[in-house]
Structure formats: structure tokens, C-alpha cells
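Following the hints, complete the assembly by docking chain E onto the known chain F.
Chains as they are written, first to last, in the UniProt record's numbering: chain F, 1 to 351; chain E, 1 to 228.
These are computed hints drawn from the structure, not numbers from a lab. Fair warning: there could be bad hints in the mix.
[As the list claims (entries may be wrong)] Label-pair distances were calculated between CB atoms; the ranges are:
{"hint": "1", "chain 1": "F", "residue 1": "Ser129", "chain 2": "E", "residue 2": "Leu4", "range": "42 to 50 Å"}
{"hint": "2", "chain 1": "F", "residue 1": "Gln210", "chain 2": "E", "residue 2": "Leu213", "range": "53 to 61 Å"}
{"hint": "3", "chain 1": "F", "residue 1": "Glu263", "chain 2": "E", "residue 2": "Leu218", "range": "50 to 58 Å"}
{"hint": "4", "chain 1": "E", "residue 1": "Gly132", "chain 2": "F", "residue 2": "Glu183", "range": "22 to 30 Å"}
{"hint": "5", "chain 1": "F", "residue 1": "Ser123", "chain 2": "E", "residue 2": "Gln121", "range": "35 to 43 Å"}
{"hint": "6", "chain 1": "F", "residue 1": "Gly34", "chain 2": "E", "residue 2": "Gln121", "range": "14 to 22 Å"}
{"hint": "7", "chain 1": "E", "residue 1": "Ala46", "chain 2": "F", "residue 2": "Gly12", "range": "19 to 27 Å"}
{"hint": "8", "chain 1": "F", "residue 1": "Asp59", "chain 2": "E", "residue 2": "Gly132", "range": "18 to 26 Å"}
{"hint": "9", "chain 1": "F", "residue 1": "Asn72", "chain 2": "E", "residue 2": "Gln227", "range": "25 to 33 Å"}
{"hint": "10", "chain 1": "E", "residue 1": "Val177", "chain 2": "F", "residue 2": "Arg109", "range": "56 to 64 Å"}
Predicted model, so just to flag it, every value in this text is computed and none were measured. Glycine is no exception: its CB is placed at the ideal position from the N, C-alpha and C atoms.
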Amino acid sequence: MKLNVEVMKSFGRFEFAAGFQVEGARIGIFGPSGSGKSTLSSLLAGLVSPDAGTIHLNDRCLFDSISKINRNPEQRRVSVVFQHAHLFPHLNVERNLLYGFHRTPAERRKLLLEDVAEALDISRLLKRSVSKLSGGEKQRVALGRALLACPDLLILDEPLSALDKRLKEQIIPFLRKTLRRFEIPYLYISHSLSEMRLLTDQVLCFADGQLQETSDAETLARQRMTGNRHGYLNHLELSEPREVGGMLGYRWGENELLLTDHEQPQAGLFELSSKDILLFKNHPHALSARNLLTAKITELIPQGGSVGVKLNCNGEELIAQIVREAALELNMDVGMTVYAAIKASAFRRLV
Amino acid sequence: MLILSPTDYQALWLSAKVASAATLVALPVGFGLAWLLVFGRLRFKALLDGLINLPLVLPPVVVGYLLLLLLGRQGPLGGLLQKFGIQLIFNWKGAVIACAVIGLPLMVRSIRLGMEQIDPQLLHASRTLGAGWFDCLRTVVLPLSIPALITGSTLCFARSLGEFGATIILAGNIPGVTQTIPLAIYDYTSTPGGEAGALSLCLLSIGLSYLVLMLNTLLLKRFQRNQA
Numbered sequence: 001m002k003l004n005v006e007v008m009k010s011f012g013r014f015e016f017a018a019g020f021q022v023e024g025a026r027i028g029i030f031g032p033s034g035s036g037k038s039t040l041s042s043l044l045a046g047l048v049s050p051d052a053g054t055i056h057l058n059d060r061c062l063f064d065s066i067s068k069i070n071r072n073p074e075q076r077r078v079s080v081v082f083q084h085a086h087l088f089p090h091l092n093v094e095r096n097l098l099y100g101f102h103r104t105p106a107e108r109r110k111l112l113l114e115d116v117a118e119a120l121d122i123s124r125l126l127k128r129s130v131s132k133l134s135g136g137e138k139q140r141v142a143l144g145r146a147l148l149a150c151p152d153l154l155i156l157d158e159p160l161s162a163l164d165k166r167l168k169e170q171i172i173p174f175l176r177k178t179l180r181r182f183e184i185p186y187l188y189i190s191h192s193l194s195e196m197r198l199l200t201d202q203v204l205c206f207a208d209g210q211l212q213e214t215s216d217a218e219t220l221a222r223q224r225m226t227g228n229r230h231g232y233l234n235h236l237e238l239s240e241p242r243e244v245g246g247m248l249g250y251r252w253g254e255n256e257l258l259l260t261d262h263e264q265p266q267a268g269l270f271e272l273s274s275k276d277i278l279l280f281k282n283h284p285h286a287l288s289a290r291n292l293l294t295a296k297i298t299e300l301i302p303q304g305g306s307v308g309v310k311l312n313c314n315g316e317e318l319i320a321q322i323v324r325e326a327a328l329e330l331n332m333d334v335g336m337t338v339y340a341a342i343k344a345s346a347f348r349r350l351v
Numbered sequence: 001m002l003i004l005s006p007t008d009y010q011a012l013w014l015s016a017k018v019a020s021a022a023t024l025v026a027l028p029v030g031f032g033l034a035w036l037l038v039f040g041r042l043r044f045k046a047l048l049d050g051l052i053n054l055p056l057v058l059p060p061v062v063v064g065y066l067l068l069l070l071l072g073r074q075g076p077l078g079g080l081l082q083k084f085g086i087q088l089i090f091n092w093k094g095a096v097i098a099c100a101v102i103g104l105p106l107m108v109r110s111i112r113l114g115m116e117q118i119d120p121q122l123l124h125a126s127r128t129l130g131a132g133w134f135d136c137l138r139t140v141v142l143p144l145s146i147p148a149l150i151t152g153s154t155l156c157f158a159r160s161l162g163e164f165g166a167t168i169i170l171a172g173n174i175p176g177v178t179q180t181i182p183l184a185i186y187d188y189t190s191t192p193g194g195e196a197g198a199l200s201l202c203l204l205s206i207g208l209s210y211l212v213l214m215l216n217t218l219l220l221k222r223f224q225r226n227q228a
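Chain E on its own, in the form it takes in the complex:
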């Protein structure tokens, strides 16, 4: 039986909000990076590839800490943003940044796999028929990458739902502000008598993740049906 407190509902809502926003941030960035890696004529492609994949192999806490150094008030980017009144740490936006960075390698990998299936001759055909590179990207590469975009978004969303290490460092663990489901579970487990609350949130997590996977399958099926 699920017993949820108001803060649990807040954690649920925040998790969904942060994961959605992180996916929306990572999607265009991931698409651009995947395009560069697959079709770009870059000299240091391997270096860029390594950099993108770094958050996948680094402990999330390390990523969170590096982001804190970058975006903190004394950080090079954080200081600059501060002048425009933008603060990205210790609020929900920080959680979004942390989740987007951690989820980006999964997003790029999925889109890249999809783009690598596109026959380069289709791009040649498009260009010789009068499409400029951006037109070709918009009318050929993008529509043919849709299944990969769906899969990449699902993975990024699911990874964001489970994000803990980078979020707690960059956004903190403030109930109602930055406390997502994993952080709330952590709080329950370190509080005597919090087992029931932790278990309820675990079940909620399973349900939410399952829902996302189902949605992914449904969207892919619908896309394939439309193609046929």
C-alpha cells in the first residue's frame, strides 16, 4: 500500500519536472553533437567523443562537483551568470543541469546509432536536389533520426529520474525545492522509521520508470506504423 506524504508528492512532481526539463535541454544539444560526430568533418572527433562520454564513466559526484566549480558563484560561468541575475545552483535549475549533463552521453549515443544508419547518399541526393546543409539536416537527417531521438530521450529521462550524486552536490537536498525521489528515499533511509516511506517511493519509482519505457515502445510503434 502506497503511503505518500505531501513532500513525497512534491518529490514526485519535482522529479518529473526536472527529468522532463533535462531531457528537453539534452535533446537539441545531443542531436547537434551526434550530427557533428557522424557527419561533421572534425579533426578532433575522438577527443570530442571522449569528452561527451566522460560523465558516463566518471562518478556522478565528481561531475556534480566539477559543475559546482564551474557554475558556483566564484566559478567562471557562475560568476558571469550572476551578473545577469541568473543562479543555477541550489535550485531546481541546478538539478536540471546536473541531470542533463549526466544523461547527455546516453542521448548522444542513441542518436548517433540512429544517424549512422542513415545512408550518406540520401544526404547527397538531397544536396544535389537543391537543399542547403541546414535544409538537408531539417528535412532528411532529423525525420530519419526520430526513432533514435525517442530512444535517446527515454534513456535520458530515465537516467534523470534516478540521478542522485551530481544533483545533491549541485542542487542540494532541499525538500520541495530540489528534493527529487532518489534524494527523498535517501532521507527516509537515514531517518529512523522511514522504511515505509522509502518503500512507497521505491514502488513509485518503479511505476514511473515502467511508464516511461511503455511510452517509448508506444511512440516507436506509432512512428513505425506511420512510416509504413
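Just chain F, same shape as in the assembly:
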């Protein structure tokens, strides 16, 4: 997907101006509330017209103020999943899912209802009234409905922000799996860095209606390490576990990590806060933490009063965070070997 945008729009005092060109299938739009993220979504979908500028999607002109081209929303092939599901209350789940599908010319239909319903685990809900769905189910139906319209671009406009933490955790695996399986290019709008890291490759950062920088979620997360209450959140892909003395031993590359999470004893993606990693210069002989990894410091990232310490643990990367004084006291430097201690309860399953 190639998106070329050069637009201006003002709403009273708020002015939105953006010029960018992106190419890729998993693009993130990141920024705080009021930064213009949703304005961009409306401008792309044709729900709001820019005051001036151009919008091109895959070399197809959607808007051009000079040539007076302004395609209607239904002609743009841009589907939107909104913050709230906005399912049609008078239609059941199946008819909601097929709303866009029936309006897509047969030659452009790439997906089947059965496949999408199965991927989103909503097959058993097809005949149900949408008023009888839970928040997470509603959002999955909304995603299925947008996918079945087979758009050239899918906009996910803060699709998880109305859900509570537990539901978010439940729906993220579906989002990842489904978006990967059906290969529809998307623009993921959110103010959550964690969602950006799980679902996007490139990120456009907005603030005060302006594009600030183009980056990737990983870099952004590292830059914002000190501002975040949980520090930097390491993502660890762990493989099938085995039982080790009442805990679960997961393989992480060459290492084995012991976790207390017994809810889902299977491989997955886990989160570990940089603040939950203790660093020792010498081997601590007696320790309550169940994981002790030997690691080499590969980079020191000073940020405000703390330092991010990038570690190489037998080929796997981990970032720990310590206060500047501790770094000075331990005389930390790149190339030095340290011991990283992690409690078995510090890991949190993401997917």
C-alpha cells in the first residue's frame, strides 16, 4: 500500500496539516488525544473534506483540491473500524458482517464470510442480535465487517481504547492473527505504544495537528522509556514450556526462563518491564529471584535521571533500566559482563 498525503484542514482554532508518503502494510499513527489522529482518519475515509491538498492511495487520487476531485466515502475503498464498534443495531451479526461484502463488486471480493468468522472466533454468533454481544465480540464483528469489504486500506481508529484492560488483552491476539492472515494493508491509530509495537512496522507521530516524526514503534518505546511508569517493556517470544519445580520453564533462544504463569502453559509473547530487571556486577550467590542471566552490555542509553542498559543474553536482547547513580557506582560500560536477575512473577503474557 502506498499512501501519499498533503492536506490542510482547520476546525476553528485547531489546524491540521500533514504531508507524508508511506509505503507498507502495517502503518501506525501515534500521538496523544487532540493530536489530529482521528482527523487524519476522517480525511482519508472521506468523512471530512480537507480545506486544501491532495490524497493519493496506491496512485489513485482520492482528493485533489486543485483538480476538484473529492471521491465519496463509498468510492474510496477505505474501511474504518471505529473506537466503538458501531454495529448496525437492526441487523444481526451475519448481516452486519455482510454489509460491506454485498456492496463490493464480485471481482474484488477476496475473503469469505466463513473464513473471517472463523479467524475472529465469531462463527457461533452469526445469527445473534448485536445487542447481545459483549464489548470484545462487538469489536471483533466490526473488524470482520470492515475486512469483508475488502478495502485497499483498513483504518483501525483506536479500536481497543473503549475496552477494558482484560478485553484488550483478549482481542489483541485476534487482531494480530487476523490482520496477518488476510493481508489487508492497514493504518493503526492509537495512543498506546504497546499496541503500536504489537501491530505496526512504521509509525507516524502526530502532535498538535502536525506530523512530528516518522519512526518505528520499537525506537519510540526506547525514547519514551523514562516517561513511562513501567519503563521500557521488553517483548519476549517464548517457546513451549516444561514443568520445573512447580514453575514453568520457557525457552528463550539459548536461555531458559522460569515463570509462575500457569494460566496458559503454551508458547507466546510476554512482556517484561525494564524496571523489573536487577543488575549485578558480580555473581549473586543467594538470590530469591528465580532467573539469573549472564549478559553483556551492548549499549548504554542515558535518559534523564536513568540509564537504559541494552543487554545481550546469549544472543537475545533485553533492556534494563537503572538510575544514573547506580550506573556510575557499578562503573558500567559497553562490553562489560553483568548478571541480570528477574523474578518469575515479573512476566506478563501478551499473546
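Relative to chain F, chain E alone:
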């Protein structure tokens, strides 16, 4: 005890016919106007709103007289229609026009209230899923406005059953042709010994209006049950 003469039956039949026809005329017009007022991007929305509501605050006789000026043989619209052999005054069609105009503000108000409850994001969702504006109107706005359409139609029908002032001016009071129940009651009360006939028609009016209200409740309930 109801004592009804053949002309009373004619008045009853005519009332039902006129009120039904007026509701059928006002329904699509009211739906269109409500849609314009709620979702339309109009510059003079307040002006249009005022114009639609005017029959609600004007004396019905004034409305009837204005309609007579417009639709009469010398009137701008009446003269034009005359050329095509269409006459809308002093026949039952005139009564329908009078009732539709008087009932329209109630119809528009009800539908508008219902439409204002529709989340505009549903319309956005529909458009981004490939529906044009008319498709969106037909498949989203219309079905979600059904309870409001039922209520609006009930109010318009009930108002039409009671319409007197505009009807007598535009359609006249011709027994068997334009004499609806209210006009027949008026005739009875101005005739010596007509009290029993007037009372019978009053009771009939109450019964008919009650029936319409019951029907309204029944339809709304059925709609809600279907939605669930």
C-alpha cells in the same frame, strides 16, 4: 346506545379514508423533511424548521384559507392543476390535503426526534463500507426510524381525525363527500334535536382514537420484540 344514521356511517368511512390518505401523504414528505433537518447540510435550516411548524401554531382556519388561495381555481397551483383536469378543493382530496398539512408538523417532529437518536457514526460506517447516501438512507436511517415513523403516523392520523377548521374551508361540509366526523358533529349541534346524533359520533370518535393509540402501542411493541 349508539344511534347511527347512514350519513354518520358515511362520515365515519370518510374520516378513516381521509385520515389514512393524509397520513400516507405526510409520511414520505415528513421523512424527507426530518432527514433534511437532522442530517442535511442546509444554510437555512431554522427557516425551514419554522415553515414546517407553522401549521402547528396557526389557527387551522388560516391554514385552510391559505391552501384555498393556493389551490383554488384562481390560485397559482390550483390554476395549473385545473389545466390537467385535477381539482383539489371541495372534494375528499381537499380534505386529505388539509389534514396532511395540519398533521405534517407532528409527523416531522416525531421522526426528527427518532432520527436524532441515530448515532451519526453508524452512517459513517455505512458509507465507508460502500453504501452511497441513498443506500445508507434506505438501509440504515429508514429501518432505525421505524418506531418514530409509527409514532409520527399515529399522531398525524389522530390529528387528521379531529381536523375541522382547514377541512371546512378547503373541502367544505358536504355530507357523503367531504363531511368527516367533526363536521357531522358540528352539523348535529347546530340542528335542533341533534344532541343524540352528536353524542353518538363523539363516542365513535373516542373509540376510533383509542383504537389508533392501541394500534400504535401494539406496533411499537412488536417492533421492539423483533429487534430483540
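>> Output the indices of the hints that this structure fails to meet, ascending.
In response: 5
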